[in-house]
Every structure is written in structure tokens, then in C-alpha cells.
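Protein chains in written order, with our numbering: chain E, 1 to 428; chain P, 1 to 428.
These are calculated hints, taken from the structure and not from any lab test. Misleading hints may appear alongside valid ones.
Since the list can't tell identical chains apart, any single copy or any two copies may satisfy a pair.
Result set (DSBU-like, lysine-lysine): computed pairs, CA atoms no more than 30 Å apart in a straight line [unchecked claim]: (1) 315 with 338; (2) 237 with 27; (3) 157 with 72; (4) 157 with 69; (5) 317 with 72.
2 protein chains.
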Amino acid sequence: MTAPSPHRVIIVGGGFAGLSAARALRKAPVRVTLIDRRNFHLFQPLLYQVATGGLSPANIASPLRAILKRQKNVNVVMEEVVEFDVAGREVVLRDGVRIPYDSLIVAAGARYNYFGHPEWEQFAPPLKTVEDATTIRGRILTAFEEAEREADPALRKAWLTFVIIGAGPTGVELAGALAEISRHTLAREFRHVNPADATILLVEAGPRVLAAYPQSLIDKAQRTLQRIGVTVRTATKVTNVEPHQVTVDAGQGVEVIPARTILWTAGVQATPLAGLLARAADAETDRIGRIIVQPDLTIAGHPEIFVLGDMAHCKGKDGNPLPGIAPVANQQGTYAGKLIHKRLLGRTVGPFKYFDKGTMATIGRAAAVVDLGWLRIGGYLAWLMWLFIHLMYLVRFENRLLVFLQWAYNYFTFNRSARLITHPNDDR
Amino acid sequence: MTAPSPHRVIIVGGGFAGLSAARALRKAPVRVTLIDRRNFHLFQPLLYQVATGGLSPANIASPLRAILKRQKNVNVVMEEVVEFDVAGREVVLRDGVRIPYDSLIVAAGARYNYFGHPEWEQFAPPLKTVEDATTIRGRILTAFEEAEREADPALRKAWLTFVIIGAGPTGVELAGALAEISRHTLAREFRHVNPADATILLVEAGPRVLAAYPQSLIDKAQRTLQRIGVTVRTATKVTNVEPHQVTVDAGQGVEVIPARTILWTAGVQATPLAGLLARAADAETDRIGRIIVQPDLTIAGHPEIFVLGDMAHCKGKDGNPLPGIAPVANQQGTYAGKLIHKRLLGRTVGPFKYFDKGTMATIGRAAAVVDLGWLRIGGYLAWLMWLFIHLMYLVRFENRLLVFLQWAYNYFTFNRSARLITHPNDDR
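Turn these sequences into a full structure, and let the hints guide you.
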């Protein structure tokens, strides 16, 4: 009377790739175990809005169990993976539990790369988790509070100097939001300083902001950033980060910038799980630790192991690796889920093809740049598109409605209500 | 050419009392300094909803600067008060700054009282700050996650046992919300345990829940709690709290209850600032550290020092001290602000009189008890009243709308979206 035991799929990571893979398997005769250290899926593209007090963490995070509650073939496990037993086809959890698999999907994401200077992280925090976001939010708001109470003009200026290192989409969006906060949100809230006097410095080692975008949009973005009060310093390398200052080098000798708030959004690398898996499966990795995958997103020699999203080095049409963005992760997850389903039906599937729907970034209030390939625009219309698309992709309906209302409120009142300085280790 | 320097008012604490006092002074010829350790006003009556994932912290917290930005005679200072120099009429801040005053209003609130056992706090966290609320939220959600993965039935039962110590309004509301989470919100989200099997124990040393309410409402509340799955244990003293168990004594010998989640909502005491002020101003305090105030809310012998809200022991009509609830604090703040204004105009003001608009408490989903004196009801209508009144009192319009929508969503879907387990000290 025993039914044939179903094909067992383990998915490591409940981000865009892992969740898409789980959903693509909803009608497949499989038993899925989704493993994540956190109990929620995080909509990372909007994390900078939490860091700048525009949204609450719960607005952009949905419990994984709630998302998957109706998909009966999925079991969610909240735990950390510490080992891949590739020969025995088991994943080992931190508490020692071993979970067997027939197919394994690993999509545990990326983190920031401090270019060999891990000690910089404490002075220039990254923006990857909700805790990072609330920490940064606290630091930004505290800086204005400290400036308000500081009598020494030099120190006051240091408190009002915000340096953002890395001018990719996250850096640009963070700088734009900071400009909006200092120029609009905090206007008239202080009695001794004018928040609009804040210096917002966007430092980029490369020659341009938003390096992956076409030149016409980059020009628009640079102009917009300058108009709203962000000082853009491209071709400027960071050579040191200390508690209260950043040292940069733009080719004419080093310059020390006193700043009490330094934020890091430069360069990414795969999470340590990628290295763990690469060693276990004898897989090749690239310079930033991503696993180089086959055209079907599996590891060479291991057709049962898929690597997706920011952890995967997957070549695009032009031969360059695909960028670490949500659409790539979503499409890869769907592909891997479907491939596993089709394999079980005895069918074959062609290689993964990324369909590029375009990229976009906001630059503060009512301004964005959008590159859809066939359409490249900046300004207000681009911002409306950005708004619409991000709302559409927010996972749960309720979040969509609440985020929309929060944005409408923020837009019309210039206010941001989620401006809480919270203290993780506080006995108050 | 020097104008007469305006009367200087210091308000310590941006809670209900402090904020009401500041607002009552908006047309007075004074210069107000509002000092708070936090940068936001917290709507404490809804804090239990943050602890149970129904609302986000920012929904019930508003930045003090934003609330007061249009009131030009107020200066907000985010800092801790460490000393009252009553003779010199100065308040000393943690960073050594001394701020002079002509009138001083102290309204720094209360905290929980562990009845001489401060070591219990780490095992049975209190619910007073947003950090407390997110900590409790994490513990509750983690307990279900651990139960899901626990093989040992006894341990699984301990993970699914929630003990709430203290059956005042906060304890009752917390127990009701926990019942709703386990019976409705988490239904069908787990594969190995049924969250509805959770034991929710409300332990109260006194003879009744909601001691301050009339007996008919208490009976309604007890019946409702039982109906929704809360086990009420009145006349039961807690004699010990350990990491994984609570020891109680109901008069028939001690009983040990294994439980992995223990929450504390029993008894309050004034914050340490009350003791500091009492010593400095030679003021009398009561058993729980509150300062005994004159009929005009000042300290005997110090007509320039007002003590308001949870820190004040202020007798009501019946001779008993007024309860530590928001309406008392609001009315006291308004009274003190007006009194200071009238004094400056050379007028006198009668003693403070509390106008009792009634009390209310929710008991889980669509049930509440309301006592307005002339009206005592329970059930659905009481719940609608509770809803309406709490929405009306939420400080900012936007919060009102967002909270209303969040509640509507929670009600119709049985879901709670702010279910994040966050880690304060996490390097993940």
C-alpha cells in the first residue's frame, strides 16, 4: 500500500529565486523543503526606503509560511544550512538535522564586498537586511539630532555630512532619499540647524553612476542628483574608512572627508554558502565567489544541483554574467522549477534564456530613470513607471495597498512617518 | 532693545502627558524645551498589537519633531535627564548640558515591577518599548517555528505554551491576540504541529482579571477569554520564573509549568527619574515610587514643578490614586499647560479634576469590554467602539488611515503581516 515516495526538492533561500522556484513546482509531483534563516521574504529593491524612514520593514517583508500556506507540497524550515553532503545528497542544518534531496536548488543571495577591508563595515554599514536598514535609519536620524545639539561648527558639519560609497542603483536611490529627507522632510523641524545644509556625497570608484545604464540616462541621473542636492564624485577611490572620516583619492592625492554617517553600497560578493557548495560539488567560482553554472543553471557534473540568483554566475547573450537583480532571480527560479517538473515527466528543456525587461532606478522625489531597451526615459513619467512596477511586484496585495498609501502620503506631505531611532541593545 | 526673556518651561517626557502639556502651551508666551530619550511619541495602548504582529512600530509611533514642527515655541531635545537641580532650577542632561527652567513638568512614565525579582525580566520580558514589542514578537513567532521542528512531545508542548503574567488590560489584550494568532493567523501554515494546540495561560495574583472594571464586565471578559482559548488562572501567585518554566502557587502547593514563552505585564512602578526628582525636591513617594502631588499636580513646596501621568500619585474623587492610563495623562498635561499659561496672566486655576470617560479593553478578535459608567457592554459593539476610539486618538492622520486599513485587512483575512523575527545583534 506504499505509494512511490515523491521526488524531494530542497530549496535553500526564500528570496526571489527560491520563491519563484517553489511556485513553479506547485503542480509538480514533488515534496519541496524551503530552507531559510529568516521567517520572511524580503523585497530588497525597496530596502533603501526602510533605511530612510519611508516604509516600515513589514511593508516590504512577507512571512514565507503565509506566502506558501496554500501550496501543500511545500514545507518551510527556518534554519541555517551549514553543510552540503553532495555525495550523500543531503543538506545539513545548524542543529545537526540532515535533510535528503533528489534535486537541490541553492539561491542564498549576495552580500556587500568591502574589497579586503572587513574592518570598514562597522564604520560604513551595508544595506542588505532589515536590521541593516533600521540601523542605518537610526544613524541618519541621530546625525541630525546630534548636529542640532552640537556647538562646534566643524563637528556640526561632520554630523551633517553623509557619504554614500558606491553609485549603483542602491547608492543612487539612497542618496536621492537622503536629499529629500534633508531638503523636505526635516524642514522646519529643527531650531538650531537647517537640515537642508547637509552635504550628501555619492562616491564612486568607476567613471560613472549607474554603470550598467546607457549614457543618455546616466547623464539625466547625474543632472537630477545635482539638482536635488547630491554631490556626485565619480572616478574617486575610497582608500580608508575610519569612525569619523573617509579618505578618498581621485587621482590628485588623497583627501580626508570628515563625516559621521558613512554608508556602503559598493560591490557585491556571493554569500559564504556559495564557497561551501563550490567546495562540496567541486564547482568553479568567479572572482566575487559566484558559482559558474551550466546553461541549464546546474553545476557541471551535478545535474541535480541548481544555483540561482545573485549566487550564480550565469552568462547572458552578450557573454557577460547576468546582473544580480530581481528579474534575473525570478526568471531563473521559474526555469529551475519547470525544468525539475519536466524532467520528472521525461521531457527535456532548452537552456535558460533571460528576457531583459529593462532596468530602472529612482533618484529622490518624483524622478527616476528607466531603460526598457526600446524606451529610455527620465523624470516624472519614469518615476511613475518605477512606482507602478514596484507596486506590482510586491508580493502580497495588502502590502501593495499599504505601500501605495504610504507613498501617496509621503509624496503629498513631504513627510516620512517611519522615522524611529530604535536601539537594539537598549535597556531603556 | 532687549525684549523681556520669555518664561522657560521644560517638559521631561514626550508621552501623552508631556505632549498634551506642550500643546496646551502653544499660545502661551513661553519657550518650551521638550526632552525625551527617544525621537518619537509612542501610542502605548496599541503596543501589544506590535508584539503580536498586527501593526508595525511606525504605525503607533510619531516623530516628536514632526508632531511639534509647527509649534514654534517648542524646542525638542533628544537626550536623557540625569539630574534635577531644584535649587538652581536647572535640568542636567547626560552629556553635561544644563538647561534652566522657570517651570518644570516631569512626565517620564512607568515601567514594570518585577516585585523584587529583577532577574526574572530576562526570562519574562516586559512590554513597554518598541524594542520590547519586537523582541516579544520574535519570541512568539520563534516558539511556533521551534515547535514545528521539535520531535520530543514534551518539549513541543513547552514551545507551544505561552504564559502571560498579569491580567490587567495589557495582559488580557496580549492573551486575546495570542489566541487569535494560534487559532486563526497561523492556521494551515505549519505541517507538523497545529498552532491551535497552543496553551495560552493568563496568570493573575489577584482574584479577578481587569481588576479595575465592574464585575459584570469582568464576567463577560472571563467568558470571552475562555471561549477563544485562553486559560485564565486567577488568585495564582508566581513564585519563580526560570528560563523554561514558571512556578505558580494557587494556595494548594506549588506547580511548575514548563513554558518557553513567558511574558510579563504585572504591576508597574515609576521610572527611576521619579526617585531622582523626589530626592532633589524632597517629595513624598508612594509604595511604587510615584511622586505624591498636590491637587494642582505640583510637588508640595515647589509650585514650579509639576509631575504628571504614570509617575504621579494623584488622588481621584474616591480617594484612590488615578490609574496610569492615557486619558489621565492627557488631561493632566492639558491642565498643567493651561495652569502655567494662566499664572503668567496673573490668574488662578482650581484643582485638577479627572473627567472619567470610561475604560475599555479588547479581548482578541471582535470582542471587547467597555465601561463608560453610564454604559457597560461587551462583545462586538464594544469592540467597534474600542476600534473607533483608538483610531481617533492616534496622533497623526496618516497613522489612523494606515492602522484602519491594516486592521480591516487583519480582520477579513485573519492574517497579520508584521510577523518578522528580527535579530538585534545579528551578523547575518
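| message | If the cut is 30 Å between Cα atoms, do residue 237 and residue 27 qualify within a copy, between copies, both or neither? | response | Neither: 50 Å inside a chain and 54 Å across chains, both beyond 30 Å.
| request: First find the shortest C-alpha distance between residue 157 and residue 69 inside one copy, then the shortest across copies, and answer within, between, both or neither for a cut-off of 30 Å. | output: between (51 Å within a copy, 23 Å between copies)
| Which holds for residue 315 with residue 338 at a C-alpha limit of 30 Å: within a copy, between copies, both or neither? | Classified as within: same-chain Cα gap 20 Å, cross-chain 71 Å, threshold 30 Å.
| Homo-oligomer pair classification [residue 72, residue 317; C-alpha up to 30 Å] | neither (37 Å within a copy, 60 Å between copies)
| query | From the Cα coordinates, with 30 Å as the cut-off, is the pair residue 157 and residue 72 best called within, between, both, or neither? | reply | Only across copies: residue 157 and residue 72 sit 24 Å apart there, 57 Å inside one copy, limit 30 Å.
Checked against the numbered hints listed earlier, the structure breaks hints 2 and 5; every other hint is satisfied.
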